[in-house]
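Fit chain R to the known structure of chain D by using the hints.
Quick mapping for you: the protein sequence lines, in order, are chains D and R.
Basically the working numbering = 1-based index in the first sequence + 378.
Basically the working numbering = 1-based index in the second sequence + 232.
Derived by calculation from the structure, the hints in this document are not laboratory data.
Treat each hint with caution, since some may be false.
[Claimed, not checked] Below, computed lysine-lysine pairings styled on DSS-like, alpha-carbon distance capped at 27 Å:
id, chain 1, residue 1, chain 2, residue 2
1, R, K274, R, K289
2, D, K427, D, K447
3, D, K436, D, K490
4, D, K427, D, K490
5, R, K274, D, K447
6, R, K274, D, K427
7, R, K310, R, K274
8, R, K315, R, K289
9, D, K436, R, K274
10, D, K427, R, K289
11, D, K436, D, K447
12, R, K289, R, K310
13, R, K315, D, K490
14, R, K274, R, K315
[To be verified] Cβ pair distances, simulated, as ranges:
id, chain 1, residue 1, chain 2, residue 2, range
15, R, Y282, D, F392, 34 to 40 Å
16, D, S432, R, S241, 22 to 28 Å
17, R, D303, D, S458, 46 to 52 Å
18, R, T308, D, F474, 22 to 28 Å
19, R, N306, D, S387, 34 to 40 Å
20, R, S241, D, H460, 22 to 28 Å
21, R, S241, D, I438, 21 to 27 Å
22, D, T433, R, M247, 45 to 51 Å
23, D, F392, R, N306, 44 to 50 Å
24, R, R312, D, E398, 41 to 47 Å
Glycine included, C-beta positions come from ideal geometry on N, C-alpha and C.
Here's the letter readout for the chains.
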Amino acid sequence: AQSVTQLDSQVPVFEEAPVELRCNYSSSVSVYLFWYVQYPNQGLQLLLKYLSGSTLVKGINGFEAEFNKSQTSFHLRKPSVHISDTAEYFCAVSDFTSGTYKYIFGTGTRLKVLA
Amino acid sequence: EPEVTQTPSHQVTQMGQEVILRCVPISNHLYFYWYRQILGQKVEFLVSFYNNEISEKSEIFDDQFSVERPDGSNFTLKIRSTKLEDSAMYFCASSPSGQGPYGYTFGSGTRLTVV
Chain D
379 AQSVTQLDSQ
389 VPVFEEAPVE
399 LRCNYSSSVS
409 VYLFWYVQYP
419 NQGLQLLLKY
429 LSGSTLVKGI
439 NGFEAEFNKS
449 QTSFHLRKPS
459 VHISDTAEYF
469 CAVSDFTSGT
479 YKYIFGTGTR
489 LKVLA
Chain R
233 EPEVTQTPSH
243 QVTQMGQEVI
253 LRCVPISNHL
263 YFYWYRQILG
273 QKVEFLVSFY
283 NNEISEKSEI
293 FDDQFSVERP
303 DGSNFTLKIR
313 STKLEDSAMY
323 FCASSPSGQG
333 PYGYTFGSGT
343 RLTVV
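Chain D extracted, bound-state conformation (with noise of 0.2 Å):
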């Protein structure tokens, strides 16, 4: 079964500081990854997504992450934070396995962005 793993619950950064959250997910055959955001008391935003093609894909707000088949990694990076990007942010793989598509989540990774 497919797995997506974040390791850091919790990431503070100072604004205007860079940022990486990292997601790794397990699987054997090609997929497709995403990653949402979820401000305080509301739903899941799409952010970016990978389908195909190039590994390094842009998404909303700034925000980019690189697909790397060998590391089995799909990394969250912006150059710059905002006060306003504190969120939980989460990372998402396609399962296809048992004939219905949907989505694996991660268990997130709290952004927190400091004066």
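Relative to chain D, chain R alone:
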């Protein structure tokens, strides 16, 4: 951009009561899903629904849960006798195809609080 609409945004219910969570998927979508996120935990797949029947359900989706598409536009999740541990955010999603991520869209969620 088309949206998946969920109502209500927040529902409080007493333990043992039945609750129905409502979703209006995107109009030309054929596949429908429910996910659950217990506070502070990851988002988990509950059930998928296609052609008026469940196509897959997780072990979380026990006999207390049921889904229905009562008309051409709504997709509902019913919990027959709510327990405290059913308190969570429930996300509906829909997609035009069951084969991949294209068009897969999440709603903004219903926060269910069981007291």
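Restraint status (C-alpha distance of K436 (chain D) to K490 (chain D) at most 27 Å): 21 Å, holds
Go ahead and decide if the range 41 to 47 Å is satisfied by the Cβ distance of R312 (chain R) to E398 (chain D). 45 Å, holds
Does 34 to 40 Å hold as the CB distance between Y282 (chain R) and F392 (chain D), or does it fail? 47 Å, violated
Does K274 (chain R) sit within 27 Å of K310 (chain R), going by the straight-line distance between their CA atoms? 21 Å, holds
K274 (chain R) and K427 (chain D): Cα distance at most 27 Å? Cα-Cα ~18 Å, so holds.
Does the alpha-carbon distance linking K274 (chain R) and K315 (chain R) stay inside the 27 Å limit? 19 Å, holds
When you check the alpha-carbon spacing of K274 (chain R) and K289 (chain R), does it fall within 27 Å? 17 Å, holds
Outcome for the supplied range 21 to 27 Å, where the beta carbon pair is S241 (chain R) and I438 (chain D): 23 Å, holds
Could you check the hint for me, namely that S241 (chain R) and H460 (chain D) are 22 to 28 Å apart, CB to CB? 26 Å, holds
Hinted pair K289 (chain R) and K310 (chain R), Cα distance within 27 Å: 14 Å, holds
Mind checking the hinted window 22 to 28 Å against the Cβ distance between T308 (chain R) and F474 (chain D)? With Cβ atoms ~26 Å apart, the hint holds.
Would the pair K427 (chain D) and K289 (chain R) pass a check requiring their Cα atoms to be no farther apart than 27 Å? 25 Å, holds
The structure is inconsistent with the numbered hints 13, 15, 16, although it conforms to all the rest.
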